[in-house]
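Number of protein chains: 4
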Amino acid sequence: MSSQQVVLHEFDPKDMPFRRLGPSGLRVPVFSLGGWLTLGGSVVGDPVKDIIKTAFDAGINMFDTAEAYAAGKSELEMGRVIKELGLRRTDLVITTKLFWGLRKGPNDSGLSRKHIIEGTQESLARLGVDYVDVIFAHRSDNTVSMEETVRAFNYIIEKGWAFYWATSEWSAREIEEAFHVANKLNLMGPIAEQCQHNMFHRERPEKEYDPLYRKYGLGTTTWSSLASGLLTGKYNDGIPEGSRFATTAMFKSTVESLQKEEGLEKIRKVKELTKLAADELQTTPAALALAWVAKNPNTSTVILGATSPEQLTENLKALEVLPRLTDEIMEKIEAILDNKPPPPTNYGRPPLDRLGRL
Amino acid sequence: MSSQQVVLHEFDPKDMPFRRLGPSGLRVPVFSLGGWLTLGGSVVGDPVKDIIKTAFDAGINMFDTAEAYAAGKSELEMGRVIKELGLRRTDLVITTKLFWGLRKGPNDSGLSRKHIIEGTQESLARLGVDYVDVIFAHRSDNTVSMEETVRAFNYIIEKGWAFYWATSEWSAREIEEAFHVANKLNLMGPIAEQCQHNMFHRERPEKEYDPLYRKYGLGTTTWSSLASGLLTGKYNDGIPEGSRFATTAMFKSTVESLQKEEGLEKIRKVKELTKLAADELQTTPAALALAWVAKNPNTSTVILGATSPEQLTENLKALEVLPRLTDEIMEKIEAILDNKPPPPTNYGRPPLDRLGRL
Amino acid sequence: MSSQQVVLHEFDPKDMPFRRLGPSGLRVPVFSLGGWLTLGGSVVGDPVKDIIKTAFDAGINMFDTAEAYAAGKSELEMGRVIKELGLRRTDLVITTKLFWGLRKGPNDSGLSRKHIIEGTQESLARLGVDYVDVIFAHRSDNTVSMEETVRAFNYIIEKGWAFYWATSEWSAREIEEAFHVANKLNLMGPIAEQCQHNMFHRERPEKEYDPLYRKYGLGTTTWSSLASGLLTGKYNDGIPEGSRFATTAMFKSTVESLQKEEGLEKIRKVKELTKLAADELQTTPAALALAWVAKNPNTSTVILGATSPEQLTENLKALEVLPRLTDEIMEKIEAILDNKPPPPTNYGRPPLDRLGRL
Amino acid sequence: MSSQQVVLHEFDPKDMPFRRLGPSGLRVPVFSLGGWLTLGGSVVGDPVKDIIKTAFDAGINMFDTAEAYAAGKSELEMGRVIKELGLRRTDLVITTKLFWGLRKGPNDSGLSRKHIIEGTQESLARLGVDYVDVIFAHRSDNTVSMEETVRAFNYIIEKGWAFYWATSEWSAREIEEAFHVANKLNLMGPIAEQCQHNMFHRERPEKEYDPLYRKYGLGTTTWSSLASGLLTGKYNDGIPEGSRFATTAMFKSTVESLQKEEGLEKIRKVKELTKLAADELQTTPAALALAWVAKNPNTSTVILGATSPEQLTENLKALEVLPRLTDEIMEKIEAILDNKPPPPTNYGRPPLDRLGRL
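For the protein sequence lines, the chains are A, B, C and D, in the order given. No gaps in the numbering here: position 68 of the first sequence is 68 in my numbering, and each next residue is one more. No gaps in the numbering here: position 183 of the second sequence is 183 in my numbering, and each next residue is one more. No gaps in the numbering here: position 236 of the third sequence is 236 in my numbering, and each next residue is one more. No gaps in the numbering here: position 130 of the fourth sequence is 130 in my numbering, and each next residue is one more.
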């Protein structure tokens, strides 16, 4: 993006709260926009522009994509729209993710030095920018040494192609190893983990990663915060025709699970949450579910997906819900969910008044 | 203290809450007992034993002293009483401090390798123990390189003469440098700072040290939490005959300041705190002042001084006050004190929703 | 600035003394020219050219600015004039400072990697040069880890966009931490601190930073050496109409303080200095005040502000005063000021004949 | 030296000035007492006790010896006297030097790990102490790797057998290498160099070592400050019968040189210094020569030799001369000596107003 860019649109953060992304100095909006499944995929052309413009005007300046989203078309569409809207590069936080390249050759995916460097250059070209703010390893790669991966991401940063790197869906052990290797080599470690986090998916983000938050200040950029829509309540009375669950092969097993004991239990909880949202917060279960993730002290940003400007605006009601999640409300939610991961055991020792930080 | 020691007294922590001492694994009671001015000084003989026994029976197993306290007699008395009471060494957390040796020679004080090593051996001999738990640098020494001091304290630890080392009344820059040097040399840094902290002395412990709590998990062992008695309310109506302020030369300037504008303002605040303590907490201003320091999330232990078992028991009422210091009460206290150190400036930038840890 | 530049003006250092900038090999003139409030702000167009030409012809080849000065116009004006005057890049020492960017977005200010890299590129574009000699962190940023900031400034240096980096108005603890981190990562630490230093503002530059001069050879580039004009004596008989104090909102609190006890005391001292300057040095109080800062052994360069070539020439009389500041005169000045920061306490130990360096 | 030692003699530093020994925190008297040639050699028995007692009572608490001095007898005598006088160990700074062991076997000398460790233990046994304050490498050993030597001296320190280590008569390059190796291995470097320094021997201590003073704060403990007696003026009119020069084989070449041009020139200068001392300082040339070395800012302590208490007392008159060495007197001395080592060249560049520290 050259310095001669024509800026048509000034950024106004409005009432959007901003948080640091993990230990970094980068400030990200509490809600950001992701391109998974939608932008460049189920949504193309002008609607993409409408959604991004709506987001930007609502104070969302962070846009997340990946080389694998819609086989590169997500990056292409996002880059095109940013240019057409005349957004200033410095106003934006652009993040992308690498792992599954667009071709099927033996070196077209994973976290080898070759794919990280080649893939980043291709992503930048599709996005039409000189650099992204954060580049994520979209998955871990157990066929590459951690040293090679950490070195390659630091190469990307030294080249000026990204300011930071991060992980997505890595285990706590893998992230620990990344910090170990980065520290040993005096290189930069990851600043965040892009993980699934919602009311039905809590073990990893709330318990497994806990030591990483405390020791390294790891941030999270969460996805699937509506549990593929389950938490919106739209499956409360069965799976509607034309819905994502009804039409997308990817969700077959999810749909099947909903017919089983565990699934029925979830639906029951969503109904209770729907009532709580209506009675006590005058809001939708979706807005409640999104605000609930944002409320978590380790969440940096909740990535929203949207197939229309209206859906985005609807979900951004979570911003109003967020400050209303008092301790009392949070306790009622826990009572409904009944799935809070237990804290680490103290092995019978006398409790500490205060643990302090490690 | 040989391993054949006869143990007459078992330790029972009772309801005493324990905290980690900074980043260390050492657990210290929220209230501990210090020998400054009292034990071995204004109090000698059997009363020392009574005070220490009372403390131990109340769940206080940490005893703090210094080579300089009563010119070595504090260590001697403390060591004698521990032996006479038959306390088990492992039950105890014994801490002492080095800086001012007992003689006036050019190498008898400060933080040179020579005085740290020679002074520690003399302290252990006076205490009659093989090791202390923590050895503090009683002040900083700007005539010795930080490297020499950090190396010497690590030597003490490697010799088995102490488990940890710590600082007292050092500036944030000096503590930062200690971590720098320790880190560079792969040696141990300090685990705590023994600092003055009370309702009228807040700038350093609450603001200057703040980055050290966040970055290194530094603990504090606080002294003068009653502001030399001012916060007990006993000077509310003038300085009683025979009181410490009336009789001790060291407090001359403190006494003088009480007659000035600033001092009168403090007395006025103590009166308000006295009323708040009585009306809302049914306790004494002293217990409130002590609990207030203990409530601070960065306080590891509040060191109590005592001239009699009764005074100690009286002050330990702070333990009951501690859980009653709700957000509401804390706000009322702040309103009275009106001296909360301001947070670091943000230089006019948009605020962050959540700062996170660095 | 391309290598084909047409050089119209050769640099002649004349009698200007040069000093190393802290531990670096960069030589800076004892007096340099700064753009704060003036160049691009209260002074625009041809007068800027006249001032810079006058400075250059007087042996001043160091020009200091900041992205925040006049919202970027200071850099623009300075860059334009340097080009128009045909000054050779290698003859110049150009310094700028980063912190407050020109826009108000969440990532447009501070010391995050994003703003340091984006901001530097924008500053270079406004200045029209390929690199500056030193880039300063205009303030500290407690919302960014020191590691991120140190790494980002080293990135700037590795890119060839600056030769050195430095700090401005950081606390001693923060500078200490910067050296710690730089040392740990084998990166470059800061070479100087741009700090306020004048006869009425001494504690930080003369006492707080002292260990940094001794340990790291830190240099200083001082500002406000005339205490916003107070030391010129022009406010000795009240605040003249049209003066900066009378017309600039920024100085409201300064003006108010002049009416109070502390301010009247300062005016009294300025009057005595005015007499000393006239009687014993046949010079102005302004020249005396500037020479006094330059005389400090830790001062690298005194940054002068000027609204006209005449004012600059007038202030450069300090050059003649500098060698006449004998020990005797310096003692007389101290007697008038009566505000010399005390040396660090020795805690009652026997004095050392000679301290040596640590 | 056990802790049950009987202390008969309290140390009183009187008017003796103390200095830090190089970068260390150890404080040493400006004049110290050495055993070379005298104690245990030309002087044995009670006179040794008289000399040491005279020194101690005059504020000298540092005693320097070496395993090689009088083949171990110097250490034996010094140890015996310290015990007999009942001096407290912590009051003393005891230094010894290792290189030439007492036997002639292939491993009985030099700076191998074997001789450093075995030799130190034997020195401590002769001295009858648990540790010395500083252990010197009496010469450099070009048949041993610097790493082995540095590691071995650090082993001595970690064992508690010495607090610091130092060098004697090493070249600047060798000392530089010692710092390099110590730094690389995170070990302790030397704190001082025991070097010859007097009015006729200046090149090495004043020029060759200069960067080591500035970079590492290296201290010096100087010997031969009277140029083997030449500077006392006693050879001004020829070599008296019975004098050291007349009777000691070791000084044969010195004596011969005095008959040559260079020697006669020295005698001429000593005569001028004798006149200066008498006329302007009312003192002896010896006291002047000693004070002149002590005046050097890089001198830590001047080691005095003495064959009688009276000689020591006589030479300690240098203490009174020291503060009278004004800039003016120092310039007159330089004019007489005419042998000041020139400063490092600047290769024709414009001079710096102030060099700053590296």
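Wrong hints could be hidden among the right ones.
When chains are identical, the list treats them as one kind, so a pair holds in a single copy or across two.
[Said to hold, decoys possible] No farther apart than 30 Å at their CA atoms in a straight line, the calculated lysine-lysine pairs in the DSSO-like style are these:
| # | residue 1 | residue 2 |
| --- | --- | --- |
| 1 | K83 | K295 |
| 2 | K252 | K215 |
| 3 | K260 | K159 |
| 4 | K114 | K340 |
| 5 | K53 | K104 |
| 6 | K49 | K207 |
| 7 | K260 | K53 |
| 8 | K114 | K252 |
| 9 | K159 | K83 |
No lab work stands behind these hints, which were simulated from the structure alone.
Homo-oligomer pair classification [K340, K114; C-alpha up to 30 Å] | neither (41 Å within a copy, 33 Å between copies)
Alpha-carbon proximity between K260 and K159, which holds within one copy, between copies, both or neither at 30 Å = Neither. Shortest intra-copy (51 Å) and inter-copy (56 Å) distances fail the 30 Å Cα cut-off.
Using 30 Å as the alpha-carbon threshold, which applies to K260 and K53: within, between, both, or neither?
-> This pair counts as neither: shortest intra-copy Cα distance 41 Å, inter-copy 55 Å.
Given identical chains, is K53 near K104, meaning Cα to Cα at most 30 Å, within a copy, between copies, both, or neither?
-> For K53 and K104, the Cα distance is within 30 Å only across copies (19 Å; inside one copy 34 Å).
For the identical chains here, do K252 and K215 meet the 30 Å Cα criterion within one copy, between copies, both, or neither?
-> neither (39 Å within a copy, 38 Å between copies)
K114 and K252: within-copy, between-copy, both or neither at 30 Å Cα | Neither way: K114 and K252 sit 35 Å apart in one copy and 42 Å across, limit 30 Å.
Between K83 and K295, at a C-alpha cutoff of 30 Å, which is it: within one copy, between copies, both, or neither?
-> neither (33 Å within a copy, 53 Å between copies)
State whether the alpha carbon distance between K49 and K207 is at most 30 Å within one copy, between copies, both, or neither.
-> For K49 and K207, the Cα distance exceeds 30 Å both inside one copy (38 Å) and across copies (45 Å).
Up to 30 Å between alpha-carbons, please classify K159 paired with K83: within, between, both or neither.
-> both (23 Å within a copy, 27 Å between copies)
Hint check: violations occur at hints 1, 2, 3, 4, 6, 7 and 8; the rest are consistent with the structure.
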